[in-house]
Amino acid sequence: MPLRGLQTPLRRFATLIPLLAMALVAAWGVEEELLRMRMKASEPGMGPMARAGAVHNAEQAVLVQTLESMVGEGAWSTVAPLLIEPKRYLHSTRILHSEEQDGVTTVEIEARVFAKALRAEAAKALLQRPDWAPKVLVLAAERLRPKDAFRIARDGTAQKAIEDALRGRGFEVADVGSVLTRYKASDLAERVRGGLAEAKSVAREHVVDACVLVEAVAEPDRKPTWTNIYRVTGKVSARVLRPADGKLLKAVAHDAVISGANPYQSGQGAVENACARLVDDIAEACVFGAVDIVPREGVVITIEPLGSALRLDAVTRLLESMAREGVVTTLYCNEAGARVTFVYDGPMSVLVDALVDHRFEGFRLEARHVVEQDVRLRVVE
1 MPLRGLQTPL
11 RRFATLIPLL
21 AMALVAAWGV
31 EEELLRMRMK
41 ASEPGMGPMA
51 RAGAVHNAEQ
61 AVLVQTLESM
71 VGEGAWSTVA
81 PLLIEPKRYL
91 HSTRILHSEE
101 QDGVTTVEIE
111 ARVFAKALRA
121 EAAKALLQRP
131 DWAPKVLVLA
141 AERLRPKDAF
151 RIARDGTAQK
161 AIEDALRGRG
171 FEVADVGSVL
181 TRYKASDLAE
191 RVRGGLAEAK
201 SVAREHVVDA
211 CVLVEAVAEP
221 DRKPTWTNIY
231 RVTGKVSARV
241 LRPADGKLLK
251 AVAHDAVISG
261 ANPYQSGQGA
271 VENACARLVD
281 DIAEACVFGA
291 VDIVPREGVV
301 ITIEPLGSAL
311 RLDAVTRLLE
321 SMAREGVVTT
331 LYCNEAGARV
341 TFVYDGPMSV
351 LVDALVDHRF
361 EGFRLEARHV
371 VEQDVRLRVV
381 E
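Under my numbering, read the sequence shown as residues 1 to 381, first letter to last.
Bear in mind the hints are in silico, worked out from the structure with no lab data behind them.
Watch out, some of these pointers could steer you wrong.
The calculated EDC-like cross-link candidates involving lysine to aspartate or glutamate, where the alpha carbons are at most 20 Å apart (straight line), are [said to hold, decoys possible]:
| hint | residue 1 | residue 2 |
| --- | --- | --- |
| 1 | 87 | 102 |
| 2 | 250 | 68 |
| 3 | 160 | 280 |
| 4 | 135 | 245 |
| 5 | 135 | 175 |
| 6 | 250 | 198 |
| 7 | 250 | 292 |
| 8 | 184 | 335 |
Pairwise CB distance ranges (calculated) [what the hints assert, rightly or not]:
| hint | residue 1 | residue 2 | range |
| --- | --- | --- | --- |
| 9 | 348 | 317 | 31 to 41 Å |
| 10 | 190 | 372 | 26 to 36 Å |
| 11 | 310 | 222 | 48 to 58 Å |
| 12 | 46 | 124 | 32 to 42 Å |
| 13 | 372 | 47 | 50 to 60 Å |
| 14 | 292 | 195 | 16 to 26 Å |
Glycine included, every Cβ here is placed at the ideal spot set by N, Cα and C.
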């Protein structure tokens, strides 16, 4: 049966009946999500061939609807080739109803879709686009000894494990070291571990496609076994958020256990193993969050380095004169830099020229990066 309707998702022939259920089955070598859906579709003609065509149309429409819910219309051309082999993603199809009327055959089916496999293949296809590499920031607060405080570090076990895995999958990974220069490390670690409102606040402070907030702990048994071997559990949880609008895209958690004579080293290994179990889910959430383009609610201006907070006050006064309703929101401010956001309705060239041409007291601003609503400036004394 030829492939039909890649460019127009079969809306002429198919009608989606609301999603019915989710189930877990063993498939594709992993615990697989089975998405159960009902669909109606038609095919001109009558008899076995027309009925088979209607079933094919319904199956294809199920996969089209599933893919569109993941990637939206903007990325449709990239993932549409996955439908060349639709049977790969269908666990089973059951005909619930069939009728022939006025030379047209209509069927209603119940299809079970390997949703996780389809999602993984779609993410892989998107990451293979030569013109696109989503930018991701990972902030991993970890504690590998029970008495230690949580910390975020460039060389942290969870930090490196997740960064390296995402980089290997084709992501552009933001430098956490430059982020840490703008915050007190202990304060940032607590914010990363905070509630959802705090997590959204952290994410929105960064100009990336996705922000991954991680909490990782290693918990050794209080006493070793009779062979002086410690059993250590690594517990890692991650939240993926989209900074453009603060949306929580995914929350996942995994544990791993390693036994060894050195509880610290065993803890490192356990955390690394737990991270490895999370990365596929993290990567997929980052891809689909980035491809579902949501414009920021305003312009984001970053000034690095800043030096004195008084400089931001002067810049803010200028921005307030140009912002809609005169409102400018500070995302963060310290000596290393500052970031503000505001709604602006005019041309970006006018805004940038106003900032660069203005002579502030004791300094001026120089543009070093202007891409759409992301403006980055530096102070020139």
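Hints, one by one, checked against the model:
no. : hint                   : result
1   : 87 to 102              : 30 Å, violated
2   : 250 to 68              : 18 Å, holds
3   : 160 to 280             : 16 Å, holds
4   : 135 to 245             : 16 Å, holds
5   : 135 to 175             : 10 Å, holds
6   : 250 to 198             : 16 Å, holds
7   : 250 to 292             : 14 Å, holds
8   : 184 to 335             : 12 Å, holds
9   : 348 to 317: 31 to 41 Å : 20 Å, violated
10  : 190 to 372: 26 to 36 Å : 33 Å, holds
11  : 310 to 222: 48 to 58 Å : 53 Å, holds
12  : 46 to 124: 32 to 42 Å  : 41 Å, holds
13  : 372 to 47: 50 to 60 Å  : 55 Å, holds
14  : 292 to 195: 16 to 26 Å : 24 Å, holds
Consistency with the previously given hints fails for numbers 1, 9, ordered from lowest to highest.
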